Structures are given as structure tokens and as C-alpha cells.
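Q: Please arrange chain B on chain A, whose structure you already have, making use of the hints.
If you read the sequences in order, they're chains A and B. Plus 161 on top of the position in the first sequence (first one is 1) and you've got the numbering used here. Plus 73 on top of the position in the second sequence (first one is 1) and you've got the numbering used here.
Label pairs and their computed distance ranges (CB to CB):
no.	chain 1	residue 1	chain 2	residue 2	range
1	B	Asp109	A	Ser324	35 to 45 Å
2	B	Leu117	A	Gly303	31 to 41 Å
3	B	Leu255	A	Arg248	21 to 31 Å
4	B	Ala113	A	Glu226	24 to 34 Å
5	A	Pro181	B	Ala113	40 to 50 Å
6	B	Ala529	A	Ser193	42 to 52 Å
7	B	Arg83	A	Asn203	51 to 61 Å
8	B	Val204	A	Pro181	35 to 45 Å
What the hints contain is simulated information worked out from the structure, not anything from laboratory work. As the structure is a prediction and not an experimental result, all values here were calculated from the model. Just so it is clear, CB atoms sit at the ideal spot from N, CA and C, and this is done for glycine as well.
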Amino acid sequence: MSLTLTAREEILARIRAALPDLRVPAEASHASIPRSYGRLSNLDRPACSQLFIDRLLDYDTEVIELTDATELRAAIEQTLRDAGEDRLLVPAGPLQMLVPDGVNSYVDHGLTTPELDRAQAVLTACEAAVASTGTIFLVHGGTQGRRVLTLLPDHHICIVRRSQVYGSVPEGLAALAMQSKKPITSISGPSATSDIEMVRIRGVHGPRRLTVLLYGDF
Amino acid sequence: MSIRVGNTDRAPSFPMAAKDALRNDQLRRNVRNATDIIRAKRALRVEEMPDWEQLRHAASDIKSHTLAYLDDYLEQFERNCEQAGGKVHWARDADEANAIAVALIKQYSGEEAAEVIKVKTMTSDEIQMNVALERAGIRAYETDLADMIVQMSNDEPSHIVVPALHKNRFEVREIFREQMGLNDLGDQPTDLTDAAHDYLREKFLRVRIGISGANFAIAETGSVCVVESEGNGRMCITMPDVLISLIGIEKVIPAFQDLEVFLQLLARSATGERMNPYNSFWTGVKPGDGPKEFHVILLDNGRTALLKDERERETLACIRCGACLNACPVYRETGGHAYGSIYSGPIGAILSPQLQSLEHSRSLPYASSLCGACYEVCPVKINIPEILIHLRGKIVHEDQTTLHGSLSAESLAMRAMSTVFLSHRRYEAAQRLAKLGQKIFERKGQLTNLPGLAGAWTEFRDLRPIPRQSFRDWWKTRAKTAPPSEKTS
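Extracted from the complex, chain B is given alone in its bound form:
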């Protein structure tokens, strides 16, 4: 098995990476600026929908229904897609999906140099498809403006919807100047989009193989839907002779009619538009219109392991709008890279570790204050805080079952605490002891640098000292001095 989510196997833990991110003022300004703008636009567009809550309910119901019948719907999608001239492949994990794509591209390229044009797909970042293509000698051109910026600067996406949100116009100009050889390129956003247009136009007209992801795969019709804004998606799915769509198995929805729910929620949540400029729907191959060959790769890569537990299963309802990232007070401070996964923010904090059976990204469920802003904006009502707590519990439990974990500072501290909390005498004695002991560590009314085990806590957070009089002390005095309560009529 080679389940992979981007580079999570090499990523530092969140607290370490976040420290670096917090020192990067430019990054934080860019992230704050961009998320402020999207949040304001989203709020405006959600407010004008009187039935927003009902749409969220329906979306959540449709997703949970679909996941409960996932086998049925995948088979139905496969049947209808193949009936319309498409070919469906199944991939257990990242390596298998990449191998299928490479084999198809080599087969269709024949003697020619192998090249593909790609429309933004986070799923391809998840399986590190570009790395696999490059190893196989295939040149991949990302065509989404932000993805192109990320690819040209050997960077990683920092946001699900706006992958280059951490870069400002001046940084983008430098990247384009260098990569496209444009010395007199201006720094206005229009200059930059014009440069991207000219650079990619020739590729859209020439490259014979396209690669896409999918926002929705419709079981009833066997159709695929791609949601986008720039027109690069339409180019990639229309102009080439061969189209390969990489689709996570959770992207299937039952019926064409269900789009009436998701299409109303997605754009407003993602970019704060009433509707994004383009949605493309296609079914297999249409003679005389678009690609002559169409392949779908249905990807598992850890998804089926989330189905058994209903709480975990909810994670698969995500439609990748990114609203939870923009709303998250942690993401807004650190940006996406600190998460060490291409899936960042609250949804990344639950999706990345779960896809990999908690082998990597183990610090991510703790990268949250559990404030609940993510749940409030989620268009499919994924209860992210609950899942974060569930995963924290799982991680602690897993740790306690290993010898190393059971002797860890946290585990020992928790066991000691539990002994102390079980008896009021021990509890009061511990309080008295701590009150004496904390004095030398107090700075401006805060404990900022505790020694030993407690240091792991104060390394990242300030702690308020135990007050001179505890509630228990106060209660004892009060009982002696307070007058008898008077009855009111």
C-alpha cells in the first residue's frame, strides 16, 4: 500500500512549522488580506439566500446518503460513463493511480514527446502526480493561474481554492519574469493574467492530452462536472484528443437534480460569487465535440478506511470550498504551509491524518482552538470540531498502547492528574503546593516558562497562575460568615 497525501511524510509537526510561519510577516499579511476579502464576499452572498440553512441540510443529507450507498453509486457511475464511451479505471492508492495515468499518457503520445495540460485538481496534488509524471519523462503544464504560480516557483499549494494566496503581485511578477522570460512585465494583476493567457494559449491549442479532476461525478448519468472561473478548465476538457479525469471516490453524487443543491452552495462558499463563471458537464465521449478518448481514474487512497465510523465518514462529504480555511483563526495566522499537507486548514487537519490512518499529520488535529467557526460556514455541515476531538482521542489512545507512548510526559502527567483529581484531599494539597511553587515563575501575572513536564505547555502558551484564594477556600469562609438566606415571596 502506498497511500500518500502530498509530502506529509516529510513535513515537520504543526507547532514547529507554525513558529516559522508566524515569523514571516509578508506571508501573514498576504494570507490575512486574502482571507478577509473572501470572508466578506462570502458573507454578502450567503446573506442574500433566504434558504441557505435548508440548502446546507439537504447537502449534508445527500452526501451522507451517497456515502452510505457508495458501492452502488460508483458502479452506477461506471456503467453509465462506459455506456457513453468513457473508460473507468480503479486505483487503490497514489502509486496505482499515477501508474495508470503514466501508462495512458505514454500509450497516446507514442513516439512524440509526452506533454499534458492540467486543470487544477487537488487530488492530483494529493497523489503527487506531477512528480510521477516528471519521473516518467512527461511534461505537465498547470493551467490554473494560481497552480501555475505554485508550479513555476516549486512551491506547494497553501489553500484549497486559491493555492497561491500566500504570494502577492510582486512575488508573482518575479516568478513570471524569470519563467516566461518577460523582462518588462508589469506588476498589475491584469499584466500578470495577460502574461498567463499568452503563455498558455499556445499550449491549449497544441497539447493533445488533458488531465482534470472533478467536482462532481453523477451516478445517474455517468457525467463529470468541473467548476472553474478562468476558462482553463474548459480548454483542458475540450481541446485535447484525450482526457483523463482523476476522481476521488467520494466525489460521486446520485442524480443530476442533486446539482441544484451543490451548485448553489459551492461558489458562494468558495469565492463569494453567486455562481462561478464556468461549470462544465460531460458524459463519456461526444463524437465531433471534444476529446475522442475519455478515461476516468477512480481513486481510493485511504478514503474507504473512513467509511466504517460514521463520525469519520462525515469527512468525505467535503466539497473542497475552502470556507473553513478562511474562517479559521489558526489558518489565518499561519497560512497553509504550516500544516505540512496540501489539505490545510480545519478540513486538512481532519482529512490529512485520516487518509493516512494517522501515520502522518498527527499534530494537525491539535492545530485548532475548537472555536467552531469552520462548522458554522461549512456548506455540507461537517462537524469539524467534533471530528478533531475524536481524532485527538484516537491519537492519545494509540499512544498509550505503546510502551514509549505510555511513558511519555503527557501520559504520565495525565495519570498523575487523574490520581490527584480522584480525591478532594489530594486535590487541595496539590493546590497548596502549586501556589507555593509557582511564585518564582510568575511574570506580570502570567506563568510563561514552567520547568519540566509543564514546560511543554508554556513553551507555546501562557498560563494564569493559581489564585491566592481558590473557590474551595472561599466557599469555606463564606459558609461561616454569610447570613442565612431569606425567602422571597
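Same shape as in the complex, but just chain A:
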């Protein structure tokens, strides 16, 4: 056996030398941590949805409220027209059906970076949302696209079903738990910075505009 320890062996040895020997198993100790904070929101579904809208507006997000999925296509058309955009990126799959007539669709069957960089807006679904913080979770792949799709275009249009909106952060994260090893991005408003004199500026490197299309039953 070599006398010189690897960095890994040495760091672990230092840790073990510093910590007491008698420890209950880690899982048991972890499970016994008291969690007396609010894990479940006490809002009903409509109140939850309203809080989510308030939070989104507070973060400079555009919100369009719809009744059901049949209205999505027209709403997307209107949003793009208002923004003067006609190059829309979509993940391959069901969302392709929502691209309005007269809009150039960039369907991601493995588009290159320069191709992606030409799109002005991107359309995705989401996995879950949290009302208390106005947060949208994307679990990347499928209708939520790979990560780069929602990063390069200047405008992200995100479809959220009302039943996907949870009241609290713990509830929202619990909805992702089964997929926690996939790439996940949480989005709370458009990209922003307050680095200069603490003045909040909307839009730096990520999309400068975020539009949420909220539809469906509570």
C-alpha cells in the first residue's frame, strides 16, 4: 500500500478524525429533523391561481388568462403579433400544433446553436408552478424542451395549466421529486440584475420577456 494518501482519502480521513465515532445512521438522523414550517398552503385552488397571477405581475411577467386549451393558439398568435415577432421556436411534439399560421416555426429536432439564435420567441409547457413565489418549474425534455431552447430567444411564452399551480415551495418541489435527476430550471420572472446601484433591470442574458398563458380548470 502506498504511504501517500490521495486527496480524497486525506479529506475523508480528516473529516472522520474530527467527527465523533458514535453516530446513529444518517438516514435516521435526517428523518428526525423537525420541520415545523408550513409545508402545505392553506389557499384553495382559485385563491392559489390568483396569488400566482399577482406574483407574476409583480415580477414584470405578462399574464394571459384563458378558459381552456382551445384558446391557446389564438393567444399565442396575439402575443407574437403584439411583440412584432414571427420566428417561434418549439420543442418537437404536440406543441407544434399550436404554432399560428404565418409564423415561421423552428422545430427542435436538434437545431444548431446558430439556428436557435435566430428564433425570437420560444413556446414551452411547464412541469409545475408555485404561487407564493411566482415560480415556474421546467423539467427539461419533451414539451419543456432542452435547456438551451428557453435560454437563447428573447421572449419565453410558457403554457401553465391552472391545476399545475401549487401554493407553496415545498408542494411545488414535491411535484418534481420523481424526476429530480433530470435537468430542472426554475424561472421567476424574466432575467434581471440589481448589480448597479441596486436598481432592478429586467432582462440581461436570459429571455428579457416572459409571457404566461394560464388555462384549464383549477
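A: Leaving out everything else, chain B in the frame of chain A:
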């Protein structure tokens, strides 16, 4: 061993550096303005959380649990990250971590000019990674707006969360004008962020290697989490072919579920937002999405030396929100640079000296009035005042064990004091003597310039003179003249 925390080995002591900082009115205005704004926003966002205290308790418990099982969780993180296609490296100190990063970057760059894009990581400032990269001929681009300002002006970060908080818009415009060659750049914050956007966009699309830190490394899944606002973090972890994440070993947390606590505390404490615009989570490599190669460097650099003593261990619970800096009456007067460490403010005053076994930053535990504002705002309940006192004790004790230290003015004065305080006769005699002696030094009811040993105290503080009548004198007279106490029914 080459444990390093920024440039602390060359930094002047805090009282010296603070004197310079206090003379810089512009710096103090900028720091005061920025910290006032963050404090107000934080207070607003904390107030709307009915379970804030319970979240702090849980966060503190989770961190202390994790540190008690740190070996288990690091091994678990390593196993899960590597199972998902990542590669985990371990680094004992700054030099070792830098050597690993340089070797990886050279390996992947091959014949091409070596360049990296970096998302804000204080840990990389701690180990002076940019200096090591530059020496190896690697060009590093900081992409966080504030970090870019600091890098372009050859400055040092003055705040953990807002590293360029000491610069105002006009100073930033001058830096960008010069470094980006933009002669007609405006001075509105939007002009400046637009300039940063255009300058960096080309780099995000072109540079093939990214470097990040981590806010959390999740043992259960092997995932890494980066918390940010601008989207530069998403760019750096998504666009390159190769990603290298430098992670302090204390950043590991047990489970994905634990994020429900930390993500509720971090943004509200750091920037006063309910949630920061972006959190990214990834696990190893995902084919067809993001980098094809992923490396983690797990860094010790003095951290394991804090584990043995439970009081010191608490320091490692820090999630780098910076709330203690904004709350600190000392930081708010001096700004971050006076601390001589990239970790400034109350947390810097305990973290910097401890990481370096008290070899450097020895004046920092004294850079505090022990008012406790830091402890009150800390989202993971680190008892910073207690640790400051503990470190002061350690420093005094260390000093007394050396010949030089035992003959120092402070040590001699303390020993003399202890002799005087042990006997009431000696104590009263000393008081009488001091009352006579202080007269010639009294100015407007304050002692401002004492001679000899006591001068070290009055150089930085005013001292109230000993009153004409001491409590003991008064007690003696009172006992003679006061009427006998009456019992009340």
C-alpha cells in the same frame, strides 16, 4: 499545504484598512445606499413569511446534521454524480484545485487558445483561480455583471452577493467604456446592462468550457444547484461542451427535499426577492442537453479543520446570502475591502481567519461591536457574535503562549489589571491614582489621547473619564446618611 483565502496574506490589518475606507466618502455613500436598499427589501419579504423562524430552525438543523455526517454525504454525492456521467475530483487546498482545473482546461482545449466562461463563484475567488488560469495562459471571462466590473477594473469583490456594490453607475460606465471600447456609452443602468449583454453574448455562444461554483450539491441525487438572476449562470452551465464546477465540501445537502427550506430562505435573505429569477439543477451529463463532459472539484482548503469544535463547525453552515454584511454597522461604514478578504462582513470575520488556522486575518474577529444584528438576520442561525468571541479568546491565548506575545502591551496590561482587580484595596487605590492622572488628558469630557499602553485604545476610540465620585465612594456616604429602610405592607 497551501490554504489560501484571496489575498489575505498581503492584506493590512482591519483598523489600518478601515481608516482609509472611512476617508473615502464616495465609497461610503455607495455602500450605505446599496445596503439600505437590500435591507429594506429583505425586511419586506421576510415579514410576509409567517413561518420564517421555523424555516431558519430547520435550515440550521439540516446544516448541522449534514456537517455531522459530512463524510457519508460527500461519498454519496460522488457516487450519484459519477453514476450520472460526472467525474468528481478532490482537492486538499487552493493549489491542488487550481492545478486540476488548469489540467482539465488544457486537456479539452488541445491546440486551441484556452478560454473559459465563468459564472460567479466566491470559492474561485477564495482560491484565486483567475490568477492561476492567467499564469497558465488561460483567458477567463467573468460573466456575472458585478464580477465583470470587478475583473475589468482589477478590483476585488467587496460583497459576497453584490461584489461591485462599492461602485456607482458613473464608475461602471468608465470601466466599460475603456474595456469594451464604447465611447458613447450612457450611464443609465440599462445602458450598462445592454453593453454587458452584447459583449458577453458572443462569448456564451463561442467558448467551449464553462466554470461554475455551486449553491448546493445534493447527495441523494448527485445533482448540483446554481442560484442566479441574470441568466449568465444558465449560459455557462448549458452552452459549453465541458463544465467544471468548483464546490466547497460544506455545500453538500442530504436530499432534494431539503431544497424546500433553503430556496425559501436564500433569495429573501440575499436580495429581498421572493425567489431569484433562475435556479438550475443538473445531474451529471444529459445526452443531447448541455455539456458532454462534467467535472466536479470538491474543495477542502481549510474547511475540515473547523469540524472538530462544534462552535467553529457552525461557520460551515453559511449559504452565502450576505444578509449579515448588509445588517452589520461596521461593514456599512467601511465596506468590504477593509476586511482584506474576499469574504468580508461578519461572516468573513469568522470564516477568513478560521480557514487559515488563524495565520492571517487575525484582526477580523475584532472588527465587530458584537451587536448581534448578524445573528438576527442569518437564515441558518449562525451565532456569529459567539464565534467572534471564541476566536478572540483563541487569538489572545495563542499570543500569550509566545514570548513576544506574552510581553506585548495588551498582555502586560491585562495581567496588571488582573492583579489590581483581585484586591479591593488595590482597586480603590488605582481609581484614586487614575482620577488624579487623567486630568491633563481630559478634552470636552472625553479622554481622546492617552499616553503609553492606553494610547492603543484611545487611538481608535474615545474613553469616558473616571467620575469624580465612584460607586464605591457613593456607597460609603450613603450608608452613613440614608434613613433606615421602611417596610411596606
